[in-house]
Amino acid sequence: MTSGFIQRHLLGTRTLSAAEILDLLDRADRYVAVNRSPEKKLSVLAGRTVINLFYENSTRTRTSFELAAKRLSADVVNMQTGASSVAKGETLIDTAATLNAMHPDVLVVRHHDSGAVSLLSQKVNCAVVNAGDGWHEHPTQALLDALTIRRRKGKLAGLKVAICGDVLHSRVARSNIHLLTTMGAEVRLVAPRTLCIPGAESMGVSVFHDMAAGISGCDIVMMLRIQNERMSGGYIPSTREYFRHFGLDRERLAAAKPDALVMHPGPMNRGVEIDSDIADDVDRSVIREQVEMGVAVRMAVLESVTRNLARENGEPWGDEK
Amino acid sequence: MKPMPGKTAYVNARLLDPASGLDAPGALLAEGETIAAVGSIGEIPADAEAVDCRGLCLAPGLVDMRVQLREPGEEHKETIASACRAAVAGGVTSMVCLPNTGPVIDNDAVVEFVARRARQAGLTKVYPYGAATKGLKGEEVAEIGLLADSGAVAFTDGERAVASAVVMSRLLSYAAGFGHLIVQHPEEPTLAGGDMNAGTTAGRLGLAGISPAAEWIMLERDLRLVEITGARYHAAHISTAESVAIIRRAKEKGLAVTCDTAPPYALLTEDAVGEFRTFAKLSPPLRKESDRAAIAAGLADGTIDCLASDHSPQDADSKRKTFHDAAFGGVGVETLLSAALELARAGGLGLLDALAKVTVNPARVLGLPAGRLTAGAAADLVLFDPEARWEVNAATLLSKSKNSPFDESTLPGRVIRTVIDGRTVFEAAHG
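If you're matching them up, the sequences are chains A and B in order. Positions 1 to 321 (this note's numbering) are the ones given, in order, by the first sequence. Positions 1001 to 1431 (this note's numbering) are the ones given, in order, by the second sequence.
Treat the hints with care, since some could be wrong.
[To be verified] Short, incomplete list of chain B residues facing chain A, as computed with Cβ under 8 Å:
(1) 1166
(2) 1205
(3) 1271
(4) 1272
(5) 1274
(6) 1276
[As the list claims (entries may be wrong)] Under the rule of at most 25 Å between Cα atoms (straight-line distance), these lysine-lysine pairs were calculated in the BS3-like manner:
(7) A:123 <-> B:1402
(8) A:70 <-> A:41
(9) A:155 <-> A:41
(10) A:257 <-> A:153
(11) B:1321 <-> A:123
(12) B:1321 <-> B:1288
No wet-lab data here; the hints were simulated from the structure. These figures come from a predicted structure and were not determined experimentally. Where is the CB? At the ideal position from N, CA and C, for every residue including glycine.
Please construct the entire structure, taking both the sequences and the accompanying hints into account.
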């Protein structure tokens, strides 16, 4: 019990131990079954308030968190910054203080700057879940990816995982690197030199600039989204050149293991980083399953941080009541 | 006019004068605003006040060649008066301020405003840099002749590099005709769009990196232009190992080149950023350990002439932000002496060499009448205890802004008394 996830916030995967990761994955696994049953509503978070504070546009992640909270019977409020006081120039710290005064139990925060969610977590009394901060971390994405992999492959340790594309600007990549290396997987980054993380080797991964070599023998090929602004920034010359060298199509996927799975955090750019033929291949692509796992993982995370906060405050929780 | 001070005899001191190499027990007699005698002063004159230095160090007051005072324009961060109070607490008796105020110091009226405000504060002597280009825009050379006539000691665009090669070339050429010094923030802006040093820490934190090459590419270019124009050139706050090597080669070639660094680059690394600590967000950024070691070595072997605080006050609202949004800079006038002493303790410098970097060397580079313990010089003095160690607590610093990268560090050296023009302007609270 004490080896499980006991932190008040979930800010990243770098600070998670293997035992904490397993605790969250096991809990999420149970919610997968709940979500597939007709009666999906549980009372775990009844009476609790979850605020989704999103400084970046997001449909899928916000919906996933909202659904997770509602399935656990929490009251959910969504704040999109375009329509709020943030647009009127309120600082991050002031917004944190304002929301904190409303006594939420959990703040789910997405922000465009690395470190923003951690900064905000220092200014509030509630639990904080990082829903993506800049290029830094996106821990629930890494957890849902891990859950998806574990359910398909039965394990994480020893698997060869290639993370391909714009890893430099990717919080998904960083969170996956930390989580997968902690769990004993072998992680490779495959990216053009200009889109690689400097000093990535110090994070315990190997780096490839050739797609075929990078995914060769891999169990998992995880594709990342490439943003249009990478062209204007001079990181890559064009989408067609990118697809030629770093896009995933059936021919290139042949370099991976015959049973290799293809993943993508979404939203996909079909024909830019991934060919539709692969993306829609139910035998190889687990992209839809990732979305399904996302809700279960977020239920596990929301439950866990709320429980940990309650215990921290000396309140009884669940069976302890 | 302030009343003329009388005679003061500082007795039982360890006299330290980097300019003459003096490090010996002795006394110093100040008469009026100047030093009358150093070393053996004979009988203490009957009309002199005697100050027992109890064997502690008496040195020239510090000359801090790079500070930002924020006045006029950003008085919520610092004023000339608040910076002066912080400076005297740190033993700084002369400081040279950057022109990046609002309005910019690119005309004689602002030079005179700064001089007047400093006179009113009546503490540390303030000398201004003039803008190198109008409005610090890097486009047109400022009126450096007129600025020099009204008191600007050298010319710089402050925190900005003069990036255009043609503007820099003309600026150096024009200034060389008058013998004026150009001070550059050596950083190629197109390579410096990030938030911290490019490297493994930035990679892990997901922050955009500032390449060390941004610094030395600009430095290499500038030194070629210096070679062509024969100008006097000073590189400010160098931070990379490669920069030290480049300056060393330029000096060997005989170019009129000098440089300084700031304490963070000799004592800290990018590790200080930790988990997004904005007090460690500096410009140039804190680099990796091999760079820090090379900077310390460059100070020790004389390649780096001066140590300047790079005092950059930022109020809480400017630092209590995400790392990307937070302002660059750290305060430093109150920790400059301690940093020099720490380098003498751990960085391979002799005590006199370390003090030279914060006294006579910057005074020489800028032609200031300061930084020497010699009869006839202004009685600008600092009495300090080199052994006393103190923990920097940003909240108790006297600067209006508290953004010290050395917050919570323990440093050697406590200022006991600061004297400017013969008048005691600061005394430590306890005995």
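Right, here's what the structure says about each hint:
With its C-beta approaching chain A no nearer than about 24 Å, residue 1166 (chain B) sits outside the 8 Å limit, and its interface hint is violated. Taken as an interface hint, residue 1205 (chain B) checks out: its beta carbon lies about 6 Å from the nearest beta carbon of chain A, inside 8 Å. For residue 1271 (chain B), the suggested interface contact is broken, since its CB lies about 13 Å from the closest CB of chain A, more than 8 Å. A hinted interface residue such as residue 1272 (chain B) counts as satisfied when its beta carbon comes closer than 8 Å to some beta carbon of chain A; here the least separation is about 15 Å, so the hint is violated.
Checking residue 1274 (chain B) against chain A by beta carbon gives a least distance of about 10 Å; that is not within 8 Å, so the hint is violated. At its closest, the beta carbon of residue 1276 (chain B) sits 3 Å from a beta carbon of chain A; the interface hint therefore holds under the 8 Å criterion. Straight-line distance between C-alpha atoms of residue 123 (chain A) and residue 1402 (chain B) comes to about 19 Å, which keeps the hinted pair within the 25 Å bound. At most 25 Å may separate the alpha-carbon atoms for a hinted pair to count; residue 70 (chain A) and residue 41 (chain A) meet this at roughly 8 Å.
For the hint pairing residue 155 (chain A) with residue 41 (chain A), the CA-to-CA distance comes to about 29 Å; that exceeds 25 Å, so the pair is violated. Our distance criterion of 25 Å between C-alpha atoms is met by residue 257 (chain A) and residue 153 (chain A), whose separation comes to about 13 Å. At most 25 Å may separate the alpha-carbon atoms for a hinted pair to count; residue 1321 (chain B) and residue 123 (chain A) meet this at roughly 12 Å. Taking the CA atoms of residue 1321 (chain B) and residue 1288 (chain B), the gap is near 24 Å; set against the 25 Å cutoff, the hint holds.
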